[in-house]
Amino acid sequence: MKLKGWKEVTPGAVVTKAGSAEEFKTGSWRSFRPVWLEENCIQCMFCWIFCPDMAIEAKNGKRGVFKYDYCKGCGICALECPGKKGKKAIVMEEEGK
Amino acid sequence: MGKVVAVTGNEAVAEALRQVNPDVCAAYPITPQTDMMQRFGSFVNNGKVKTEIILTESEHSSMSACVGASAAGGRVITATSSQGLALMFEILFIASGTRLPIIMPVVNRALSAPLNIHGDHSDAMGARDAGWIQLWSENTQEAYDNTIQAFRIAEHPDIRLPAMVCLDGFIISHSIERIEYLDDNEVSNFVGEYKPVNPMLDIEHPVSYGPLILPDYYMEFRKAHDAVMSKVSKVVLDVAKDFEKISGRKYGLFETYRLEDADIGIVILNSAAGTTKDVIDEFREKGIKAGLLKPRLYRPFPYKEIGEALKHLKAVCVLDRADAFGASHGPLYIDIASSLYPYEKRPILINKIYGLGGRDYMPGHAELVLNELVEIAKTGKINVVKEYIGVRE
Ligand code: SF4
Ligand code: SF4
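Those protein sequence lines, which keep their order, are chains A and B. Mapping the first sequence onto the working numbering, position 57 (from 1) lands on 57, and the numbers just tick up by one. The number in the working numbering is simply the position in the second sequence, starting from 1, with 1000 added.
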């Protein structure tokens, strides 16, 4: 995205476009990546509720894929995930490995 | 036409605020607040103004409430003084950086410690670089007139910045003078209806205030603020022209008094300018060409215009009612020196610190300064550049 010059910025840094946080991609901060193991998923949606960002897709009442553009790798989803029979449906993997 | 009254500076400014009829006033009700807000509060309680008043537990909170009310889309005022302004400091930058045209009369008083709330410019000088407009007033009439004009300047679509209207503590705020009030309808026609920009209460057009701006954008917002500052002078002059039409009183970026043909001059802010003008008259009668310059728009400082007005003088003394500890000189001196620096031929400059914490500034002080300037103009020699006057050894 081309950065705006000082003549183009909104006075007082007021954001006039609703939902524009979607354009602000923060996924590059991540050092650990959550990986979804669908076979252990019970569709409880805990991960979706607990994610402090909006980095987990939900469609038709079902958990979707991770939106890595926004995932900061905090690990909250992996911690909260109950999984199936003691097996987590989210595991954290170090980025770059 | 309006009516002639005998009122204090605080009464006059409270009356101006009543005539403007702002939407919201958030103020801290206890010292260092003055009776200006007490009087305005009475107007609210007696149904003389429709403003919603919010009494807060501190000035930090009153400025915060002002920011919220202004972002919501209201015409917003507060007033403060001394430590109160100091306590607002953090939020002053939020108001200006968010470009909210809040109007705030500041009754200029000293900062503690030692504890003192008498006339002194340290409070407003401490906030001079907070991105606000500052208009300074010599007397009650100017404080009243500046308050009314401040709304038009701050709310101008090219500007949208908050503004302080400064008047001297006690000397003006608590002393009775004869002034002229405008009619209520003249004032409300002059300031016009408030037009909010991106108000939060416009639910058809949702907006967010106060986003995090990272290093990739912060400088662009600062540069934009700087650029807006450079447009203020023109708006101040345009508004002054319109104000003259309803009041008959002329205002500029600064006032000059017998300065055009002067050899020596004094630069001084607010009430002490009145005393100094009398002494300048006495020197003129003796055949000494003395003059005076009194800044009105102090932020943004009209460097070019002031430099032009002073450059022909032989010697100038800048009198500061505040010190800038550890800086080369008092704050006003530093601005005047910057205004004159571009000129190869410029007056010799000296700086006196006077009147701190309500210490009286007497005609004798102006005489001493003018006599020293006569000597400097003759010999070209300076004894000391910065000096406290009216202080015991
Ligand atoms: S790691 Fe944190 S940010 Fe990423 S999806 Fe899980 S909860 Fe959301
Ligand atoms: S918390 Fe775990 S089990 Fe529940 S929906 Fe998310 S991934 Fe599936």
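I should point out that these hints are in silico values taken from the structure, not numbers from a laboratory. Think of the CB as a built atom: it goes at the ideal place given N, C-alpha and C, for glycine as much as any other residue. Careful, some of the hints might be misleading.
[To be verified] Only pairs whose alpha carbons sit at most 27 Å apart, straight line, appear in this in silico DSSO-like list of lysine-lysine: (1) K1277(B) to K7(A); (2) K1311(B) to K1231(B); (3) K1345(B) to K1289(B); (4) K1345(B) to K1378(B); (5) K1304(B) to K1345(B); (6) K59(A) to K17(A); (7) K17(A) to K2(A); (8) K72(A) to K97(A); (9) K87(A) to K72(A); (10) K7(A) to K1304(B); (11) K1241(B) to K1195(B); (12) K72(A) to K17(A); (13) K1378(B) to K7(A); (14) K1195(B) to K1050(B); (15) K25(A) to K1223(B); (16) K72(A) to K84(A); (17) K1245(B) to K17(A); (18) K1223(B) to K4(A); (19) K1311(B) to K1289(B); (20) K1223(B) to K2(A); (21) K97(A) to K59(A); (22) K88(A) to K67(A); (23) K1277(B) to K17(A); (24) K1231(B) to K4(A); (25) K1277(B) to K1195(B); (26) K1311(B) to K1234(B); (27) K1314(B) to K1386(B); (28) K1223(B) to K1304(B); (29) K7(A) to K1231(B); (30) K1304(B) to K1286(B); (31) K1223(B) to K1286(B); (32) K7(A) to K1311(B); (33) K1277(B) to K1223(B).
[To be verified] Restraint-style ranges between C-beta atoms, simulated for each label pair: (34) S1208(B) to Q43(A): 49 to 59 Å; (35) W6(A) to E1204(B): 21 to 31 Å; (36) G61(A) to D1158(B): 48 to 58 Å; (37) E93(A) to P1211(B): 43 to 53 Å.
[Said to hold, decoys possible] Residues on chain B that point at chain A, a partial pick, calculated with CB under 7 Å: (38) P1215; (39) E1220; (40) K1241.
Hints versus structure:
1. Simply put, K1277(B) and K7(A) have alpha-carbon atoms about 44 Å apart, too far for the 27 Å limit, and the pair is violated.
2. For the proposed pair K1311(B) and K1231(B), the alpha carbon gap of about 24 Å is at most 27 Å, so the pair holds.
3. For the proposed pair K1345(B) and K1289(B), the alpha carbon gap of about 19 Å is at most 27 Å, so the pair holds.
4. Between K1345(B) and K1378(B), the direct Cα distance comes to roughly 16 Å. Compliance with the 27 Å bound is thereby established for this hinted pair.
5. Distance check on the hinted pair: K1304(B) and K1345(B) sit about 15 Å apart at the alpha-carbon level, within 27 Å; holds.
6. Of the supplied pair hints, the one linking K59(A) and K17(A) holds, its CA atoms being roughly 25 Å apart against a limit of 27 Å.
7. Restraint check for K17(A) and K2(A): the C-alpha separation of about 17 Å stays at or below 27 Å, so the hint holds.
8. Restraint check for K72(A) and K97(A): the C-alpha separation of about 17 Å stays at or below 27 Å, so the hint holds.
9. For the hint pairing K87(A) with K72(A), the CA-to-CA distance comes to about 23 Å; that is within 27 Å, so the pair holds.
10. At roughly 24 Å between alpha-carbon atoms, K7(A) and K1304(B) fall within 27 Å of each other, so this suggested pair holds.
11. In summary, the hint linking K1241(B) to K1195(B) is supported, as the alpha carbons are separated by about 22 Å, within the 27 Å threshold.
12. Straight-line distance between C-alpha atoms of K72(A) and K17(A) comes to about 24 Å, which keeps the hinted pair within the 27 Å bound.
13. Distance hint between K1378(B) and K7(A) is unfulfilled; the C-alpha atoms sit about 51 Å from each other, more than 27 Å.
14. With a C-alpha separation of about 17 Å, the suggested pair K1195(B) and K1050(B) falls inside the 27 Å cut-off, and the hint holds.
15. With a C-alpha separation of about 25 Å, the suggested pairing of K25(A) with K1223(B) holds against the 27 Å cut-off.
16. The straight-line distance between the Cα atoms of K72(A) and K84(A) is roughly 25 Å, inside the 27 Å bound, and the hint therefore holds.
17. Distance check on the hinted pair: K1245(B) and K17(A) sit about 42 Å apart at the alpha-carbon level, beyond 27 Å; violated.
18. Between K1223(B) and K4(A), the direct Cα distance comes to roughly 13 Å. Compliance with the 27 Å bound is thereby established for this hinted pair.
19. Between K1311(B) and K1289(B), the direct Cα distance comes to roughly 15 Å. Compliance with the 27 Å bound is thereby established for this hinted pair.
20. Note on K1223(B) and K2(A): the hinted pairing holds, with a Cα-Cα distance of about 18 Å set against a maximum of 27 Å.
21. Taking the CA atoms of K97(A) and K59(A), the gap is near 30 Å; set against the 27 Å cutoff, the hint is violated.
22. Taken as a hint, the K88(A) and K67(A) pair is honoured in the structure, with Cα atoms around 19 Å apart against an allowance of 27 Å.
23. Using a Cα cut-off of 27 Å, the hinted pair K1277(B) and K17(A) is violated, with the two alpha carbons roughly 55 Å apart.
24. As the CA atoms of K1231(B) and K4(A) are separated by approximately 22 Å, the hinted pair is consistent with the 27 Å bound.
25. Of the supplied pair hints, the one linking K1277(B) and K1195(B) is violated, its CA atoms being roughly 41 Å apart against a limit of 27 Å.
26. Straight-line distance between C-alpha atoms of K1311(B) and K1234(B) comes to about 22 Å, which keeps the hinted pair within the 27 Å bound.
27. For the proposed pair K1314(B) and K1386(B), the alpha carbon gap of about 18 Å is at most 27 Å, so the pair holds.
28. In summary, the hint linking K1223(B) to K1304(B) is supported, as the alpha carbons are separated by about 20 Å, within the 27 Å threshold.
29. Of the supplied pair hints, the one linking K7(A) and K1231(B) holds, its CA atoms being roughly 14 Å apart against a limit of 27 Å.
30. Between K1304(B) and K1286(B) the alpha-carbon distance is near 32 Å, which puts this suggested pair outside the 27 Å criterion.
31. Using a Cα cut-off of 27 Å, the hinted pair K1223(B) and K1286(B) is violated, with the two alpha carbons roughly 50 Å apart.
32. A C-alpha spacing of about 34 Å is found between K7(A) and K1311(B), which places the hinted pair above 27 Å, so the restraint is violated.
33. Using a Cα cut-off of 27 Å, the hinted pair K1277(B) and K1223(B) is violated, with the two alpha carbons roughly 39 Å apart.
34. For the hinted restraint 49 to 59 Å between S1208(B) and Q43(A), the CB-CB distance of approximately 33 Å leaves it violated.
35. Separation of W6(A) from E1204(B) is about 29 Å and conforms to the stated range, judged on CB atoms against 21 to 31 Å.
36. Distance hint check for G61(A) and D1158(B): the Cβ-Cβ separation is about 52 Å, which falls inside the suggested range of 48 to 58 Å.
37. Look at E93(A) against P1211(B): about 32 Å separates their beta carbons, and that is not inside 43 to 53 Å.
38. For P1215(B), the shortest C-beta to C-beta distance to chain A is roughly 11 Å, which exceeds 7 Å, and the interface hint is violated.
39. For the restraint placing E1220(B) at the interface with chain A, the shortest Cβ-Cβ distance is roughly 4 Å, inside the 7 Å limit, so the hint holds.
40. Evaluation of the K1241(B) hint against chain A yields a violated restraint, the C-beta minimum of about 25 Å exceeding 7 Å.
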